[in-house]
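Student: Respectively, the protein sequence lines represent chains A and B.
Just so you know, the first sequence maps onto residues 1 to 447 in full-length UniProt numbering.
Just so you know, the second sequence maps onto residues 1 to 447 in full-length UniProt numbering.
Just so you know, these hints were derived from the structure itself, not from any lab.
Check each hint, because a few of them may be wrong.
Lysine-lysine pairs mimicking DSSO-like chemistry, simulated, CA-CA at most 27 Å apart [as the list claims (entries may be wrong)]:
1. Lys260/A / Lys282/A
2. Lys260/A / Lys111/B
3. Lys260/B / Lys282/A
4. Lys48/B / Lys111/B
5. Lys260/B / Lys282/B
6. Lys158/A / Lys260/A
7. Lys16/B / Lys48/B
8. Lys260/A / Lys412/A
9. Lys282/A / Lys111/A
10. Lys48/A / Lys16/A
11. Lys260/B / Lys260/A
12. Lys158/B / Lys158/A
All of these numbers come straight from a predicted model, not from anything done at the bench.
There are 2 protein chains.
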Amino acid sequence: MSYAMLANTLRSAMEKQDTVAIEELVCEFQPADLAEFLRHEETEVCLKILAHLALAERAEVFGYLPLTLQAEVAEEMTLEGLAQLLSSMESDERADLFNLMEEERQVAVLKLMAHEEREDLRRMASYAEGTVGAIMTSNYASVPERASVAEALDIVRKTAPDAETIYQIYVLDNIQRLVGTLSLRELILNRPSMPISSIMTTELLTTYPDEPQEDASRMISRYDLLALPVIDAQQRLVGIVTYDDAMDVAEQEATEDILKGGTVGNLEGSLREASLFTLYRKRIVWLVLLVFANIFSAAGIALYEETISTYIVLVFFLPLLVGSAGNAGSQASTLMVRGLATGDVLITDWARMFAREFLVALGLGLTMALAVSLIGAVRGGPEIAMVVASSMVAVVMLGSLVGMSLPFLLNKLGWDPATASAPLVATIADAVGVLVYFAIATAILGL
Amino acid sequence: MSYAMLANTLRSAMEKQDTVAIEELVCEFQPADLAEFLRHEETEVCLKILAHLALAERAEVFGYLPLTLQAEVAEEMTLEGLAQLLSSMESDERADLFNLMEEERQVAVLKLMAHEEREDLRRMASYAEGTVGAIMTSNYASVPERASVAEALDIVRKTAPDAETIYQIYVLDNIQRLVGTLSLRELILNRPSMPISSIMTTELLTTYPDEPQEDASRMISRYDLLALPVIDAQQRLVGIVTYDDAMDVAEQEATEDILKGGTVGNLEGSLREASLFTLYRKRIVWLVLLVFANIFSAAGIALYEETISTYIVLVFFLPLLVGSAGNAGSQASTLMVRGLATGDVLITDWARMFAREFLVALGLGLTMALAVSLIGAVRGGPEIAMVVASSMVAVVMLGSLVGMSLPFLLNKLGWDPATASAPLVATIADAVGVLVYFAIATAILGL
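Looking at chain A on its own, in the form it has when it is part of the complex:
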């Protein structure tokens, strides 16, 4: 059954309070799908549905729920139920949930957990948001350096970590330092008596718990890894970051950059579920800043009030010209911001990029000047046509070069290049456009 069909059938079973049907149906869902279903339901309903699942499935479905909903549901659980659930969750996911619980409840629930789980949870919960530590899991397969292939396979069988983390096996020396890695594939393809030290890879890609998540995510994507080991300053293995978490990080990063490109602050969660005040708060700062930035355009207009009152027709072309400068600038900044984010363009490429943009913008400006000079000739005669055509070339080139350079400049200042949003570039291009346009008009019209 498709997700939509399953969801509808489950909904009607819930209305009829048909417990037997509910129990059967919830087992048919993919865990991610059941979580998708539950996120639109009340906390009460979530609790009831989750109770129908065996512990392992419950923990998996629970892990797919949005964090805020997890916290709400967890609050309604018994302490014993919560401790059980935490023990079965992924170590990075349970740490996130744990950090949202009240301190009193944290202490109480820790008491009910086994010693090792408790220590793991305490440690994992201590890493700051956005760091590798916060997304790594301590659920990995490790074997001692001296093991043979057969012994290593045996250890892996006994510890049997999660499906996603069993395929890369980490080789540790006697003080837990990471000395090599090998894949489950290599284990099953080699002779059982072979010592693993002779087949493991010793050229290791690693990261540290306090590195930024996006760097780890980028490494996993660049080297096509299943998992990236995380070590401490003494080279001891402390956890691994898996490819599925890397995919989630990459998606969040893209969202953050896209929102920044629209001058919206990072939502850190769902747009559908964000409070109205949060949305207001994430938008108002830039809007007000840009109002004040627009005063520069306004001041430019005030400066040329005389020119304008003599040739009111110039106002007609104002939105065309400043709009075009802003649009060309937005294009240029969008290209650079994304190029820098994906690593396609490097900060050191500025001069080369500037030269290329100069030529491209010249071509764009000339084409648009042609378009606008026709309108200019019709509306205001040959002199006005000349004013608007030469202004168009100038403002499109200036707008493009500003838009293209701004991400590099912001980076030099230690800011995120993605701050060079379309609205910010458009506002700067507006001010530049107004000044250039009226200056050219004043010169050509001999005012």
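Assemble the complex: chain A is given as a structure, and chain B must be docked to it using the hints.
Tutor: Coordinates of chain B only, in the frame set by chain A:
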């Protein structure tokens, strides 16, 4: 050694033409890093460096090169060398390269390949760009339905596909139909005599070769899969899409959406390496379209020329007001476009989103009216302050609601919601802003 150090050492070894050192160094690179190094070098150099690698490594490094460079290098190779290389490449990657070769060379190289490889390449090269078929690989592990765990492990050992594709094993019936799947983990954890039909999963997530790539990528991300099987209409297994290709697709999709959000056409490749004409072509269309769209703003201004010439001060506030409408609109469209792209917001959510936007925009408009009315009072007195304050509330709300609704409207028309770019929204908001502003001014100032 870090990538930067390795690259520098290799560069100096190349200058000294120290072949022994070069040979040693190239083996120390991660394949993705060596490709990164080579993409900045001449075709000649690439050929020489690649010749130092064993075939398997050469094929891997080659697969990481940008497609255009691959084609250039391949053109310089001997037919025999190229046939060897193609035989060792991933089946999806070689199909992409094959499609870029001249027909004559395609025919010649196919003749030099083994029958099975040739058939595979022909089939893979026939899928359209952007479809699942174009990124799937035929390199997977499959076992017959009747096998035991021990027999299955043996088959997997013998076929020993790539590291990334060995971990999910596909169970086929006697006419190659996909009937189940199980992981290598399950194989090694179960008793050897167990029939695989009793441990395999029969609830299958699958896709078809002609589905869009991004749908497969989203499924892999949503369900945390290592690979997604691709079946034909008869349910026969034709290939698999692996998680690393899904990550690449997700990154390309994000780039495409971001560029679209800046009214830049999809570059399908590197910004650094794109030709100037390509860049011009990807930008000019929207720029010219927006010039003509801006004529609506200009026409609005022409309509109120009398009001403007009476109160020139109104022009001073024009950029502030229309800029703010555009900025608020860009924010709203950015939020919706991303929400729709990630599946956070559904098309059916329009009414709810509209109601929420109405309230948020009201808050934003009132705050900004306060800011702008102060400037209005200072520059133009209380009447002008009233005009600009009430205009601000109106244009911010209209801009926001237009920006928020446009992605939904575009979707209804069968367009990509991401077409609702900041510049497009700003241009529409400009026109609406001009009309509303001067209408309010004319009314309040009693003209």
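Student: List in ascending order the numbers of the hints, as given earlier, that are violated by the structure.
Tutor: 2, 6, 9
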